[in-house]
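Asks: With these hints in hand, go ahead and build the complete structure from the sequences.
Sequence lines, in order, name chains A and B.
Going by the working numbering, the first residue of the first sequence is number 107, and it counts up by one from there.
Going by the working numbering, the first residue of the second sequence is number 65, and it counts up by one from there.
Heads up, some of the hints might be wrong.
[Stated by the list, open to error] Below are the EDC-like pairs computed for lysine to aspartate or glutamate, each with C-alpha atoms no more than 20 Å apart in a straight line:
| # | chain 1 | residue 1 | chain 2 | residue 2 |
| --- | --- | --- | --- | --- |
| 1 | A | Lys211 | B | Asp157 |
| 2 | A | Lys211 | B | Asp156 |
| 3 | A | Lys296 | A | Glu306 |
Just so you know, the hints here were simulated from the structure itself, not pulled from any lab data.
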Amino acid sequence: MSTAATAASLLAADTSTGEAVQFYVLGVLAVAGALGTVLLRRAVHSALCLAGTMVILALFYLANGAYFLGVVQIVVYTGAVMMLFLFVLMLVGRTTADSLKETIKGQRWLALGCALGLAMLVIGGIGQATLGSEAFVGIGAANAEFGGNVPGIAERLFTEYVVAFEVTGALLTIAAVGATLLTHRERTEKARTQREQAIERVRLNQHVPPLPAPGVYARHNSVDRPGLLPDGTPSELTVNQTLRERGQLREVGQEQLAEVAAIDKRTADYHGRGEEARQ
Amino acid sequence: MNPVNYLYLAALLFTIGATGVLIRRNAIIVFMSIELMLNAANLTLVAFSRMHGNLDGQIMAFFVMVVAAAEVVVGLAIIVMLYRSRHSASVDDASLMKL
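Replies: Listed below in structure tokens is the structure:
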């Protein structure tokens, strides 16, 4: 669409059919993304859904003639803010799956009731206060006044709103300093060297030699599979503590032991030794 | 299509965000729901700006974005700090002041 045609459609009292189609298609996707953000169990999936919703909102801004805000939405929100969210998710990754246990009885239904009430209130309010289509002006003239959306916004921002603009600059600086202060941690005790740790181990007389290796019978030597003790029980010691805490141990159950026995039997059969040979 | 439909969509997104704040207990998801509510409010501002043929609404939305960015930085820093001291990002675990 040419610039003139865009301006005309933004001036018109009603939106074009193309925009209506765009609104209904993308609107459904935006609502689906929002629902995904709220309802999906894993936080990473929620974050991706939210990023999708934000991109769609950026397209809506562009459709509404807010070209500057549309680009800023993509750069700041989907670029910086969601990246920050994902970064923190990776940092705080261990408890990302939300527990579904209700701590307050009936809280979920109460919350849904409140949400329904809020929706009725807000949507009903909009329905009551709807502008007639004759009151609809369109952004085209305002955009064209200073030769485009960005110059128009700049004109407002640096004259009428210049104090607010400076204050938000100060706010951003304070936020950056505050975040650094909040997450900075001073080390209160000296870090122990490897030599000190070794001396400590010998003095306590616990696991003086290296810890036993993971894996079973040279078949499963991945680090997340505990090694077996002589009596066949899996030994937790053989697996890294981080994997243990995350609950990422691979089970060495009776099936695996049965599997090993089956392989033994097949090998024995192949070599022609019968049941009596192994007894 | 009437541009008022953008307002209805924004109201719906705002409500969904509010529901998320109420029902989720992972602090990060609660925070993302708040971001969703802020975005819905921005959509309202942009739609109103178009209806009235006035750029002031877009300026307001721009300021909302700036403040939201600052809020995300500080909020996520607080979540990281809470996680360090309690080893959990659940809002139920921060109950030290409960009777």
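Asks: Each hint should be assessed against the structure and marked as holding or not.
Replies: So, going through the hints one by one against the coordinates:
Between Lys211(A) and Asp157(B), the direct Cα distance comes to roughly 17 Å. Compliance with the 20 Å bound is thereby established for this hinted pair. Of the supplied pair hints, the one linking Lys211(A) and Asp156(B) holds, its CA atoms being roughly 14 Å apart against a limit of 20 Å. Under the criterion of a C-alpha separation no larger than 20 Å, the hint pairing Lys296(A) with Glu306(A) is consistent with the structure, at around 15 Å.
Every hint from the earlier list agrees with this structure, and none is contradicted.
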